[in-house]
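K.L.:
The lines below spell out each chain.
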Amino acid sequence: MARKSRSGNSALWPMKPSHALLVQGVAIAIGGFFILWFGHNAASHLARRGMQLDFGFLGSVAGFGMPFQILSFAPTDTYFMALVTAFANTLLVSALGIVTATILGFGLGVMRLSGNWLLETVSSAIIELVRNTPQLLQIVFWYVGVLQLLPLARESLSIGGFAYLNIRGLFLPAPIGGAWSSVLLIVFFLSFALVPLLRRWLPVEPRRSSVFWLLPLALLAALVVSLKGWSMPALKGFNFSGGMVLPPELVALWAGLSLYSAAFIAEIVRASVEAISRGQVEAARSLGLKPWLTLRLVILPQALRLMIPQITNQYLNLIKSSSLGAAIAYPEIVQIFAGTVLNQSGRAIEVMVIVMGVFLVINLAASAALARLNERVALKER
Amino acid sequence: MTEKIRRWIHTNLFSSPLMGLLTVFTIVVLAVVLPALFRWAFLDAVFVGSSRAVCGGGACWAFIADRLDQFIYGRYAPAERWRVNLAGLVLLAFTALAIWPRNPFRVLCVALLVTLCPAIVGVLMVGGVFGLAFVPTDQWGGLSLNIILTFATVAISLPLGVLLALGRRSGLPVIRWACTIFIEVLRGVPLLTVLFMAMVMLPMFLPEGITFDRLLRAIVGLSLFVSAYFAEIIRGGLQGVPRGQYEAAAAIGLGFWGAHRQVVLPQAFRLVVPGIVNTVIDLFKDTTLVSIIGLFDLLGIVGQSLKDPNWLGLGREGYAFAALVFFVCCYAMSLFSQSVERRIKSARH
Chain A
1 MARKSRSGNS
11 ALWPMKPSHA
21 LLVQGVAIAI
31 GGFFILWFGH
41 NAASHLARRG
51 MQLDFGFLGS
61 VAGFGMPFQI
71 LSFAPTDTYF
81 MALVTAFANT
91 LLVSALGIVT
101 ATILGFGLGV
111 MRLSGNWLLE
121 TVSSAIIELV
131 RNTPQLLQIV
141 FWYVGVLQLL
151 PLARESLSIG
161 GFAYLNIRGL
171 FLPAPIGGAW
181 SSVLLIVFFL
191 SFALVPLLRR
201 WLPVEPRRSS
211 VFWLLPLALL
221 AALVVSLKGW
231 SMPALKGFNF
241 SGGMVLPPEL
251 VALWAGLSLY
261 SAAFIAEIVR
271 ASVEAISRGQ
281 VEAARSLGLK
291 PWLTLRLVIL
301 PQALRLMIPQ
311 ITNQYLNLIK
321 SSSLGAAIAY
331 PEIVQIFAGT
341 VLNQSGRAIE
351 VMVIVMGVFL
361 VINLAASAAL
371 ARLNERVALK
381 ER
Chain B
1 MTEKIRRWIH
11 TNLFSSPLMG
21 LLTVFTIVVL
31 AVVLPALFRW
41 AFLDAVFVGS
51 SRAVCGGGAC
61 WAFIADRLDQ
71 FIYGRYAPAE
81 RWRVNLAGLV
91 LLAFTALAIW
101 PRNPFRVLCV
111 ALLVTLCPAI
121 VGVLMVGGVF
131 GLAFVPTDQW
141 GGLSLNIILT
151 FATVAISLPL
161 GVLLALGRRS
171 GLPVIRWACT
181 IFIEVLRGVP
191 LLTVLFMAMV
201 MLPMFLPEGI
211 TFDRLLRAIV
221 GLSLFVSAYF
231 AEIIRGGLQG
241 VPRGQYEAAA
251 AIGLGFWGAH
261 RQVVLPQAFR
271 LVVPGIVNTV
281 IDLFKDTTLV
291 SIIGLFDLLG
301 IVGQSLKDPN
311 WLGLGREGYA
321 FAALVFFVCC
331 YAMSLFSQSV
341 ERRIKSARH
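Protein chains in written order, with our numbering: chain A, 1 to 382; chain B, 1 to 349.
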């Protein structure tokens, strides 16, 4: 089926082999001509500036600092390190955004399905407002219209007495790692990959295998116990010390990415659940399943299968949209590379190839991983 | 009557203890948020004035009123702004004819919308002929720029998208692979990087001395990007046309192009109108990205106006206004798309 549709209906209009060769030859000639012509023009532009296509500039000293990074980066590091650092910043905001967008999106979606008129109205008002305004506008609004109008450090807004919000960003308590904390953290992340493997290998009845999810939970508990303590943000003079700070650029971009994707995810959740025929729900209810079990055993498994490819798309969109951080100077890959590095080094072609290449690789990797997940969910159908 | 109301309240607000709790909680939140918002936006707001000084604790809509012309026309010469209005009317008239369901010449109108209409609008906006004064594109801006970018991009990328979709389904491997790679690469990278590429790389790929207008570069970038999305939507439509239609067209002796033009594409297009409108909505929202590469669209000009010493710190008002404008336009388009979707569904059953 897929095979047939990929090759279209060309069999209906067969082409003489000689014609097919001729047409493709002409296509290659035209394409090749343009590529050569563009290449020639680019080479002469570069030659006039005494440059040539060369990725060696990645090894030279960057000479600029980043306002925020999760890896360590100093102005004396190379452009390559700047690329790695900016890439990590892109991944950070994307990961944060994906988590909150999923939670918010399912929340809004469930609100719309709740059967409660008030919740439905509030939820659809939020969804329509978010979906019908530009994402860039929302990000800039959070940054300029909200975070930059926050009070100074002395009049910070306190969130429950342990987090503080002011014009310099969001100040959060930071964990102080004990002897085993970093090891436990790594094992904790690995355990998510381990659980599906254990479920496959160990001969346990499938319905009871969710017990294995206690493993990451136990690791998380051990991780919390292993901590030496928490460093709390405290006002000292004109600024906070201790804890950790999320700069306003990160918070604004995070908020903008999460809310926008959440609105689309909510619509996907609603449409997928509504696509399940009423008969399924009625059959489950007449079997005596309680609403919660109907949801968990009948609706969700079927709706999830419809949702996953679409939500995957939203995740990929979110990763791509993290480039909008360039508008508010969040040091992600477009801002640092297509902005700062391009201006400093003048290496337009190399820089753009790197930036687009990075996004292509992220996209291909993510869609391959999620395609496999999708396959697994789809297989359960039979 | 009261019984009816009571039952409605019971089923829609208090169907279970949990629902009742959530309803009460939502009412409390709304009771806090909405009056405060209303007071800020209307009661305490100031609507007229020439500087920030006139504003108190509420919204400072005087800023919007003062800058409204710029938000719509950018830096387009004030004496020539009637041309922008006329161009807008022309666009509106052609669009209305093209989407009016009972128009007997609808196909012709759609064709004119992507050919004659851009020509008229281009002459009106650029000028330099028929006694119209020349207005360089760096003076264009505001909402009119967003609208022009959207229309120009659709006019270029819709035909390109059809060709790419047909190319991706072609039996010729070279053409199929070229189209597939083009589509997948453009769908795999953010629009912003495509715009940057159009800005910095396009001039390098052309011979020395050929300078390329900045606005035109943005349109090229947007068109390449959007054509990949159109291509995938149209390909979906082509796959949705039953195989029997292709076979019937071939059986009555139509060639590949004839069959597609007269039989397949009209049916495919009917299927994908909602998808195309949704892409146009996304495109209209995404035209705001040109503000990052230095064009002054609505978002860009609002950002620039915020730096005016007379109106410092009015980000909330400026962006709330821009959001309202975009919301009205996009919501209207999405209502149209939904009505088309309903019509397609009812036509099928």
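Rather than coming from a laboratory, the hints here were simulated on the basis of the structure.
No experiment lies behind these values; they were computed from the predicted model shown.
All residues carry an ideal CB built from backbone N, CA and C; glycine is no exception.
It cannot be assumed that every hint is accurate.
[Unchecked claim] List time: in silico DMTMM-like cross-link candidates among lysine to aspartate or glutamate, alpha-carbon distance up to 20 Å:
1) K345(B) with E155(A)
2) K320(A) with E184(B)
3) K307(B) with D66(B)
4) K307(B) with E3(B)
5) K320(A) with D213(B)
6) K236(A) with E350(A)
7) K290(A) with E274(A)
8) K320(A) with D282(B)
[Said to hold, decoys possible] Listed below are several chain B residues computed to face chain A (Cβ distance under 10 Å; list not exhaustive):
9) L22
10) L30
11) F47
12) G49
13) S50
14) V54
15) W61
16) V194
17) V280
18) L299
19) V302
20) E317
21) A320
22) V328
K.L.:
Could you tell me which of the numbered hints above are not met by this structure, giving the numbers in increasing order?
P.N.:
1, 4, 5, 6, 11, 12, 13, 14, 15 and 17
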